[in-house]
Amino acid sequence: MIIRLTQLDGKLPNLALMRLASYHRHQGDEVVFTREAARTLFEPAYDRVYGSVIFNSSAHLVEQFRRHFPQAILGGTGSGNLHTVEQVIGQEWAQFDYPGYCTKVVASSG
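Under our numbering, the residue at position 52 of the sequence shown is numbered 54, and the numbers go up by one with no gaps.
None of these hints come from the bench; they were simulated from the model.
Be aware that one or more of the hints could be misleading.
Unchecked claim - Pair ranges (Cβ atoms, derived):
| no. | residue 1 | residue 2 | range |
| --- | --- | --- | --- |
| 1 | SER59 | GLY30 | 35 to 41 Å |
| 2 | ASP31 | HIS62 | 26 to 32 Å |
| 3 | ALA61 | PRO15 | 20 to 26 Å |
| 4 | PHE44 | GLY82 | 16 to 22 Å |
| 5 | ARG69 | ASP49 | 17 to 23 Å |
| 6 | GLU32 | ALA61 | 29 to 35 Å |
| 7 | LEU14 | ALA47 | 16 to 22 Å |
| 8 | ASN58 | GLN29 | 29 to 35 Å |
| 9 | PHE57 | HIS28 | 27 to 33 Å |
Here a beta-carbon is modelled for each residue, glycine too, at the ideal position from N, C-alpha and C.
Can you build the whole structure from these sequences, using the hints too?
This is the structure in structure tokens:
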């Protein structure tokens, strides 16, 4: 599977996305990190898309993300949703993929 992890706002590494990355890589999935809310021209078709947003002021990014990825799982305090990592992968998964996060983030244009 090809997994897209999207950090819509915030400058610090996102622990929830790092945990999802670790879980999916352990499953043998290809994981792509990005900060882009919109689909870019040469992106592959993803099997699953996750988004994380922490600030309410990022509502415009949430709207754009939802337009491009309507089936995405969106969580975080600024999302208006109650999705948590534990709901997706369970509480027992406590590993983080920090090196992959730092080396695979697709730079934001904005």
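**Prompt:** Among all the numbered hints in the text so far, which are the ones the structure does not match?
**Reply:** 4, 7
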